[in-house]
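When you get a sec, could you build the whole thing from the sequences and use the hints?
There are 2 protein chains.
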Amino acid sequence: MARTRGSHSDITGPRVERAALRLFAKHGYAAVSMRQIATEVGVQAGALYNYTPDKQMLLVSLMKTHMQDLLAAYEAWPKPVDPLGRLEAFTRFHLSFNSERPEAVFISYMELRNLTPEHFNEIAALRSRYERALVEILEDGVQDGIFQLEDARVTAFAIIGMLTQVNTWFREDGRLSRADVEALYWTMVQRLVSA
Amino acid sequence: MARTRGSHSDITGPRVERAALRLFAKHGYAAVSMRQIATEVGVQAGALYNYTPDKQMLLVSLMKTHMQDLLAAYEAWPKPVDPLGRLEAFTRFHLSFNSERPEAVFISYMELRNLTPEHFNEIAALRSRYERALVEILEDGVQDGIFQLEDARVTAFAIIGMLTQVNTWFREDGRLSRADVEALYWTMVQRLVSA
Chain A
1 MARTRGSHSD ITGPRVERAA LRLFAKHGYA AVSMRQIATE VGVQAGALYN YTPDKQMLLV
61 SLMKTHMQDL LAAYEAWPKP VDPLGRLEAF TRFHLSFNSE RPEAVFISYM ELRNLTPEHF
121 NEIAALRSRY ERALVEILED GVQDGIFQLE DARVTAFAII GMLTQVNTWF REDGRLSRAD
181 VEALYWTMVQ RLVSA
Chain B
1 MARTRGSHSD ITGPRVERAA LRLFAKHGYA AVSMRQIATE VGVQAGALYN YTPDKQMLLV
61 SLMKTHMQDL LAAYEAWPKP VDPLGRLEAF TRFHLSFNSE RPEAVFISYM ELRNLTPEHF
121 NEIAALRSRY ERALVEILED GVQDGIFQLE DARVTAFAII GMLTQVNTWF REDGRLSRAD
181 VEALYWTMVQ RLVSA
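Sequence lines, in order, name chains A and B.
Under the UniProt record's numbering, think of the first position of the first sequence as 1, with each following residue one higher.
Under the UniProt record's numbering, think of the first position of the second sequence as 1, with each following residue one higher.
There could be a bad hint or two in this list.
Just so you know, same-sequence chains aren't split out, so a pair can sit in one copy or run between any two.
[Said to hold, decoys possible] Calculated cross-link-like contacts (lysine-lysine; reagent style DSS-like; alpha-carbon spacing at most 25 Å): (1) K26 <-> K79; (2) K55 <-> K26; (3) K64 <-> K26; (4) K55 <-> K79.
Because the hints were derived from the structure by calculation, they are not lab data.
What follows is the structure in C-alpha cells.
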C-alpha cells in the first residue's frame, strides 16, 4: 500500500488500517464504504487516497499484513529442535497469536471471497507457507518415529482448524482460563499424532 | 417467517430464501438490500414483504432453517447404540451434511454478528443442542471406558471445528476423494478420544 511519508501519515496510515479492520469485521467488506472508513478515522474521504488507491488494496493490505505478522511472529517464537517440542511451540503460538487479534483472524478467513484472483493467490501463498511449517514438523516427527499419522497435510489442516476455532467460543469470563485451553489443546494435538 | 398461502408463495418463498442465501454468502448480509434479493428472484421489491417482514427475519429464517435441518437430518441418520459407532456416525454425518450446503454453513458462522441478541440466543440454543449430542456420545464413551479425554465439551468443540473446516479447503478435483477425507477424519477423531 502506497503511503506518503512524514509524521502525519505515520499516524494516520495505521489509524486507517485499524478503522478498516474494525468496520470490515463488524459489517463485512462489501458493506463498508471508503466514506465510512474516513468518518471513523476523522478525515475527509479524499484524504484516504493518500494511503490506499482503493478499498480492495486496503483489504489486501490488511490480510497481507496479518499473514506477514503471523509468519514473522512464528519465526521469532522460541522453538526447540525436536519435532515434539516444535509441535508444542506451534500449538501454543497459534492459540496465543490468534487470541490477540480476533478481528484480523475473522477477516482473513471471511473476506477471501472478496479478493481478486491475483490477490487471493498472493494471500494463499502466504498461508501455505505457514501451513507448510506445520506439515514439516509432522513429517519430521514421522521420520523420527515419534509421530504416527495417515496424511501430514490433512492432519495439519485438522490441527489448524481446531486451534483457529477457539476464537469462536472462548470467553475470558468462562469456566476455562487461556492456560487451561492451551493445555487441553496441546494434549489433543499430541493425541492426534501419537504413535 | 410469515408467508401468504397458495401455489404462488409455495414457489416464491423458497426462491426468496435461495436467492438471499446466495447473495448473503457472496456479499455478506449487510451489503445486500431487499431490492437486490427481489431482483435476483425476479419480483418487485414490495412483493418480498409477503414472505418476510424484513431482512433481519430473512437471515434469522435462513439460519434457523439450517440448524433445524441439521438437527432433523442428524436425528434421522442411522446410528448404532455403542459410543464408538455413534461417534463414527456423528463424524460421517457432519462431513456429509456440511459438504452439501457450503453457503448455509458459511453464513451460519459468519453472520452470527448480524443477529439481534434475541435471535442470536435462539440460534445459539439450536447449535447447543447439536453440540450437546456430541458431548453425550463422548461422555457415554468415557463412562464405558472406551474413550479417554480430558474435557468432553472442549473435545466436542475441537471435533466440530476440525470437521467444519473441511469445507474451506476440500476441492472435488483435488488429490483426495470425499471418501478418503471421511476416512482420514474418522481416524483422527478416534485418535482424539483413544484410551
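Going through the hints against the structure:
1. In the homo-oligomer, the alpha carbons of K26 and K79 never lie at most 25 Å apart, since the shortest distance is 35 Å inside one protomer and 40 Å across protomers.
2. For the homomeric pair K55 and K26, the shortest alpha-carbon distances inside one copy (16 Å) and between copies (17 Å) are both at most 25 Å.
3. Proximity of K64 and K26 under a CA criterion of 25 Å is satisfied in both settings, with 19 Å inside one chain copy and 21 Å between copies.
4. Proximity of K55 to K79 under the C-alpha cut-off of 25 Å is found in neither arrangement, the shortest distances being 38 Å within a copy and 50 Å between copies.
Consistency note: the structure conflicts with the earlier hints numbered 1 and 4.
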